[in-house]
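K.L.:
Single-letter residue listing:
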Amino acid sequence: METLWLVVLGVLTVGYFALAGFDYGTGLLLPFRRRAETLHRMTPFFLGNEVWLVAAIGVLFAAFPRLEGELLSGAHSVFTLVLAGLVLFMAAVQLRLWWWLVFTGALMVSVGWGLLLAHLLEAPWPVAFAMPVLFAVHGWVFQTKNWKLFPVTGLLCALPIPLAFSSIYTSGLMAHTDTLGLLAWVAVPIIPLVVLLQWSIVAISSR
Amino acid sequence: MSAVDLARLQFALTTSFHFLFVLLTLGLVTLLVIMQTRFTITGAPVHERMTRFWGRIYVINYALGIVTGIVMEFQFGLNWSGLATYAGDVFGAPLAMETLIAFFLESTFLGLWIFGWGRLNRWVHLSLLYLTALTAYASAFWIMAANGFLQHPVGYRVEGNVLRLDDFSALLSNPTFTSALMHVVFASITVGGVFMTGVSAYHFIKRTPEVDFFRRSLRMGVITTALATPSLIGAGFAQFPIIAKFQPDKTEAAPWIGAPLGFMIIIGMTLTMVSWLTLPLLIKDAVIRMRFPLYLMVIGIPLPFCAAIFGWVFREVGRQPWLIYGLLRTEDAVSHVEPQQILLSLIVFTSLFVLLACVDWALIARAVRRGPDVAPAPVSPLVVTL
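Protein chains in written order, with the working numbering: chain A, 986 to 1192; chain B, 5 to 390.
So here's chain B without its partners, still in its complex pose (with noise of 0.2 Å):
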């Protein structure tokens, strides 16, 4: 394999990996917001318990998270320096405002409201979560105003050999980022919700004693899936003329293009579907009492992530053999280092993110396991304190 199909097979790796992460953090801290409102304004202890024992599962796994995002960055320097020297200015620019404004700002909100539990007034806990939730998303949207640049370059002018920002605000509303952005989103939550379903019909199928926790948690989880899941597939299919309009050819990228897109939307048809079936059977808890379906929530679980796998396939290798759409060719960004050097990465850093994807596994599994009251044994050390 030559350096640039080895740097694209990492890119995609890497960025697969990191965005299992991704959406499951999003997802959790809508979730969280709404638990931790819930809480702060009756004071029901219900409503507290569901946000310290969800809220140690989004630790976890932002904490995991957090390193695939540190390698994803470094990433960009190391494999692809082509793009800094040639559009580094344009697409620099959305790139720091996601580290700056919303990474950085974020991971310190989140810190605050960890070591803050039991030790700050509870608004002033409860705004830390929504400013956590809300850099949160401010991150998806800086990563998909950049995103959006290489599928539909707007807002620069070329100089010489490089280009240089000359409208911000185009970047902004580009319709290749605008739309793409509300498909992230309502994917996020709807993993949120059929991760929380999956959990909590786990724990009735081992006959847990919290019944009216999980029973909350599982309604709090059809429900959101039931409500994110049209968005999602009406964001979804409102990119399509703008593909047509904007990278008309990327049905034609590669021969098996189609599959993935069509794998997702199946995936994204029956969660919708499945889980406005699921709604009349809450009443009366009859899903619980039934007991067949809690398994196949518990098998749904990986759906929506593979689903969100298979959409950025097609987003990504639909744009070849661009990097930057019309600008910038692939192989030109790739940088000047040996094939040998990008393997050796490749390998390292594959089989330390299998691994990472198993210890966020591990943990998750732990923590679900042990329940909503668990003597404060060390999950991880920042979930020692939740």
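Chain A with its partners taken away, still in its complex shape (with noise of 0.2 Å):
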């Protein structure tokens, strides 16, 4: 039961930051591409990652409770900077009124989990650009559709702060087994369908 729920917690967020490439990337790129074009490419992914990681704190709250608090309050700051660069990257993006504000919403973020990786790397926070460059590179193969380099950039975006969470020790963190049971067989059909019908949302908008 516990390697099922660390399974889903990695999955989960594998998926937000698999995706995250797609619109903070886009942002970043924003300065020297043709914007208009540019940002309508990025529409039926925008917000698509962020539900990746909505669910993930569900998870990390209810699965990994004396994980959970240790972790976010433990880097508190860093995380106010990605959350008020979310909040400024989505909101810009649908204002739509100065592009900079898009820029400046996605570098936040992406330094923002930058500095959350060096912080659980217990690296040197220079370590903090490996993620807007990260999420740079997958946007400008994403924009470019180069569609060989694609699953490779992907992987690079997704699995930096995956990993870094493996080196977390989680025994004695986790829920009591009667909670994972019951929550199991909620996550365990909802992640697919979920998967299922993004993929949907992309065919159906490319048609």
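Simulated from the structure, these hints should not be mistaken for lab results. Note that CB positions come from ideal geometry on N, CA and C, so glycine has one too.
Here are some of the chain B residues that sit facing chain A, going by a computed Cβ distance under 10 Å: (1) VAL94; (2) THR103; (3) PHE119; (4) VAL352.
Put the complex together from the two separate chains, hints included.
P.N.:
Written out as structure tokens, the structure is:
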């Protein structure tokens, strides 16, 4: 049961970061590309990754209650930066008044995740710039339709933070099997369903 | 201010902002279900145009509401790590159900609904809206179940210094949950009705050429408000015996606690009375020809939103000094972080949320002013396709 929940959490975080490259990457590229067209290509993916993030934090809370609070409050300022960036990015993309606001939001989110990576690995702060660079490269691969490189850069975006998480020793931090067992009935069928539905959104919108 | 005070203030502000979006989302999706069902059955263009116009406003509000929801969710871990540590096994279960069954699916169904316009079979498309509405209500269900646990903890056992889940079904039959859920549901429907009435009235004040369109919308708004408010008030008063039984000190938690409760009740009564008085005036469009009620309808839009916030202030402040009633004190649940860190995030989020509420207002106002027929000008990226 414990392993199952580690896998569920892993899948959800990988899902978020794999999809994050589409929109934050696009945001980071805005100074260098034709903006209306670039943003338009991102539309079907917009908000698609954030739902994975929400699900991941929900699972973190219920299945790893003793880890969630310590992890989040232990990096209070980093998460404040990530969340402020998220708010700014999503509002700016919707508002579509100033492209540099979209860029700033995307930069704040991705540097924020980079700082979390540095925090988890206990690495020096310049490591933080790995995430914006990876997101930007993935965004560029997506925007230029370089489908050969696409899975590679996708994986590169998806893996660093979940891998850094795996260094945390979770024994004793997880919920009781009563809670885990109950939630398993929900989590296991839902995730493939969401993958299928999100894939349909992209398929329909490109028709 | 201490870390506890700052964290509480931040929670109050974040939750209030978030709930404004939630109310409109739930209210509008309910009305959209009716509109699109009528369109799918009759095929009449006016119903399609209504679904599109109100759907556009709904999508703008939903997409910005998500943002506030994400901050809400992180906040538990950021500022209230003691809650997860102590009660995560129990309180986390409905919360995780909400993110997985409700929100995760809801957003995905909505995405398919948005991008499926004109590309899917219309019955399939309608069923996507039904699924979106159903999962939206499921969201309210699970969140209220989690909140009900904080008001009156049930279904747990104490093991060492943490709570364990003992009986999940007890969480779902918790009296502080079931009565409040109905209250919240009817509050959302009231918000939808009042909002629709007000927006339609605005178009009549501006002498819209879309008379039939907004006449139908106004009628729908008034009738919805008139039908929802009596149940809203009933579900509200039904909570008093439950409060008296499980939280007898609620009305003494703060010296001013009666004020928000009183304002909420006055607003609820006013909306009930006014909507029922308006019903006979719908005959032969008397209310539109009289003109002056139209102004009241526009001014009335914020009222149910305010009432809902007052209601939450009463419910949550009235629970103090407990976070989980009788089990965990609020001051014991706050994270071990510097007050300055909480202050920083408080300032950052509050200013961003004020900005967000303004953006929501501006985008909705833009969509409202443009009326039902728009060239595909981008109001928001998701709305382009609608």
